[in-house]
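Sequence lines, in order, name chains A and B.
Numbering-wise, the numbering used here puts 247 at position 247 of the first sequence, and it's gapless, one number per residue.
Numbering-wise, the numbering used here puts 367 at position 89 of the second sequence, and it's gapless, one number per residue.
Keep in mind that a hint or two might mislead.
PhoX-like cross-link-like pairs, simulated, lysine-lysine; straight-line CA separation at most 20 Å [stated by the list, open to error]:
#1 A:Lys16 x A:Lys150
#2 B:Lys484 x B:Lys335
#3 A:Lys40 x A:Lys26
#4 B:Lys339 x B:Lys515
#5 B:Lys461 x A:Lys161
#6 A:Lys263 x A:Lys40
#7 A:Lys26 x A:Lys61
#8 B:Lys294 x B:Lys304
#9 B:Lys484 x B:Lys515
#10 A:Lys161 x B:Lys416
#11 A:Lys138 x B:Lys439
#12 B:Lys439 x A:Lys183
Simulated from the structure, these hints should not be mistaken for laboratory data.
Number of protein chains: 2
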Amino acid sequence: MQNDKYLVNFAPYMTKLELINQINEKRSLLCVGLDTEISKLPAHLPKNIEGIFEFNKNIIKATLPYSVAYKINTAFYEQYGADGWQCMNETLQLIPRNCFTIADAKRGDIGNTSSMYARAFFETMNFDAITVAPYMGKDSLQPFFEFKNKWVICLGLTSNKGSEDFQLLNVNNRPLYEEVMLKTSEWGNHENLMFVTGATKANQLKHLRDLFPEFFFLVPGVGAQGGSVIDVCENAKTSFGGLLINSSRGIIYASNGEDYAEKAKIEAQTIQSACNIS
Amino acid sequence: MQNDKYLVNFAPYMTKLELINQINEKRSLLCVGLDTEISKLPAHLPKNIEGIFEFNKNIIKATLPYSVAYKINTAFYEQYGADGWQCMNETLQLIPRNCFTIADAKRGDIGNTSSMYARAFFETMNFDAITVAPYMGKDSLQPFFEFKNKWVICLGLTSNKGSEDFQLLNVNNRPLYEEVMLKTSEWGNHENLMFVTGATKANQLKHLRDLFPEFFFLVPGVGAQGGSVIDVCENAKTSFGGLLINSSRGIIYASNGEDYAEKAKIEAQTIQSACNIS
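Let the hints inform the model, and build the full structure from the sequences given.
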């Protein structure tokens with residue numbers, strides 16, 4: 001039974017090569033963020049968990065030709081308790097296995113506990129990647145690296161105002177976020193580790209690309225948060241792509257009418273086009 | 279209906295004063311960590327979610343005379359998917375409202391998203407406190423502070439080996455964890471903010487107590503991780519207590535036989551006694 005799934009899809013897991021293949025096939029670096037909330041659903045959809053699922057299904061279907069990755073932020077689902085958690089997993093099942101799937105969970109704990117998180121997101125659910133917070137150091141990330149063909153996406157320089165509070169502090173003659181990325185890149189490698197680098201920090205992106213030419217960056221902050229796809233690509237796109245550019249609200253809430261999926265598709269296509277993959 | 283709950287319990291929420299009252303009443307600083315796993319349940323219990331619930335119920339009942347707080351680490355429940363999430367909430371309901379309840383979740387995201395986490399743990403579930411990771415700065419913590427009579431417990435100096443990787447880095451002539459605690463203490467105050475400070479770092483605890491005399495510290499790392507209750511108390515106990523000393527594995531897995539609750543009770547009593555609250 002398990003094998004049937006792979007017959008109709010492409011790969012049982014997303015290696016760096018598989019991801020690059022998808023980028024070239026769709027000529028896109030777009031990652032769609034499914035940050036869905038009941039209060040923001042279009043008026044004609046039921047205002048409950050079923051409404052979220054229906055909404056996600058149509059957003060995925062509409063954006064699939066332009067999106068190589070989907071990111072589910074756990075916060076949006078946890079607010080609805082166990083039903084929300086179930087909806088997160090069911091949404092994940094809707095995404096074809098040749099798209100890269102990210103649990104945007106920002107987890108991290110002592111090793112013993114991080115192992116449980118890894119199990120939750122890589123086994124109980126079948127995400128390709130999870131975002132992690134680096135504050136607790138090596139043994140908090142190690143358990144995630146132990147899963148073959150899975151990815152760790154470590155917070156580097158985030159897109160929010162609060163990134164200035166600690167990430168920019170000077171340590172060892174460099175900002176903390178650079179120190180975090182340098183150390184983390186010794187624990188993983190460009191085939192199982194990516195970094196979160198905010199689109200609102202285009203100047204720093206170029207420098208980070210020079211430091212980490214082989215690594216994928218997950219770039220949030222375009223659209224609602226103000227970053228520009230063209231700036232991001234100019235500063236950090238590589239010959240193999242090297243970027244997953246995330247848009248959440250800008251795509252999924254492009255319209256709050258019955259045409260939400262159609263409008264999401266147009267927004268997705270706009271970003272895909274701006275990526276300018278030849 | 280809502281009010282009935284408060285008639286049989288003590289307080290609708292845990293202020294600093296309520297917590298101190300409990301500490302004095304039970305003469306204890308003990309926090310029991312319900313890090314329950316199916317694979318570690320005693321042989322006579324069912325090896326499923328119901329087994330976890332039964333186990334938690336008996337552990338809570340046995341340790342209640344000696345414990346002022348209970349900490350539920352989300353990782354252990356998330357590994358079982360939506361059923362695990364449900365079990366976490368049902369376990370929370372078992373804990374009397376005059377005990378301090380902590381979601382050990384180590385969350386933190388951009389403001390918009392942290393609001394959803396706050397809702398998940400403070401509204402959908404009714405925890406008194408949540409642990410948060412500080413890497414993303416002020417706007418990632420602010421939404422938690424906006425909930426009245428709820429607590430933020432920010433990672434300071436953690437108990438694991440990996441704490442050395444970033445937390446000990448020198449910034450502004452002090453270690454990063456001190457900088458984190460100083461900045462965070464400007465965003466919250468001693469009535470809505472605590473810090474995680476590991477028991478394995480007894481030397482630093484004394485210095486941190488001098489810096490933050492009014493704040494509660496949540497201290498993990500006694501028992502399985504090697505820290506000593508007596509050392510922790512000598513270095514960081516205050517006139518009002520000022521500590522929640524957490525033990526998880528050392529208590530809940532004190533025996534894996536049918537006497538697990540009885541043995542947990544003995545371990546809890548041992549820690550309560552070592553706290554030496556007069």
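Taking the hints in turn, this is what the structure says about them:
Taken as a hint, the Lys16 (chain A) and Lys150 (chain A) pair is honoured in the structure, with Cα atoms around 10 Å apart against an allowance of 20 Å. Restraint check for Lys484 (chain B) and Lys335 (chain B): not satisfied, since their Cα atoms lie roughly 36 Å apart, outside the 20 Å limit. A hinted pair counts as satisfied when its Cα atoms are at most 20 Å apart, and Lys40 (chain A) with Lys26 (chain A) does not qualify at roughly 29 Å. Between the alpha carbons of Lys339 (chain B) and Lys515 (chain B) the distance comes to roughly 27 Å, so the proposed pair goes past 20 Å and is violated.
Our distance criterion of 20 Å between C-alpha atoms is met by Lys461 (chain B) and Lys161 (chain A), whose separation comes to about 15 Å. With a C-alpha separation of about 15 Å, the suggested pairing of Lys263 (chain A) with Lys40 (chain A) holds against the 20 Å cut-off. A threshold of 20 Å between alpha carbons decides the hint, and for Lys26 (chain A) with Lys61 (chain A) the separation of about 15 Å falls inside it, so the pair holds. Restraint check for Lys294 (chain B) and Lys304 (chain B): satisfied, since their Cα atoms lie roughly 16 Å apart, inside the 20 Å limit.
Only pairs whose Cα atoms come within 20 Å are accepted, and Lys484 (chain B) paired with Lys515 (chain B) is accepted, the gap being roughly 9 Å. Distance check on the hinted pair: Lys161 (chain A) and Lys416 (chain B) sit about 8 Å apart at the alpha-carbon level, within 20 Å; holds. A threshold of 20 Å between alpha carbons decides the hint, and for Lys138 (chain A) with Lys439 (chain B) the separation of about 8 Å falls inside it, so the pair holds. Between the alpha carbons of Lys439 (chain B) and Lys183 (chain A) the distance comes to roughly 15 Å, so the proposed pair stays at or under 20 Å and holds.
Checked against the numbered hints above, the structure breaks hints 2, 3, 4 and satisfies the rest.
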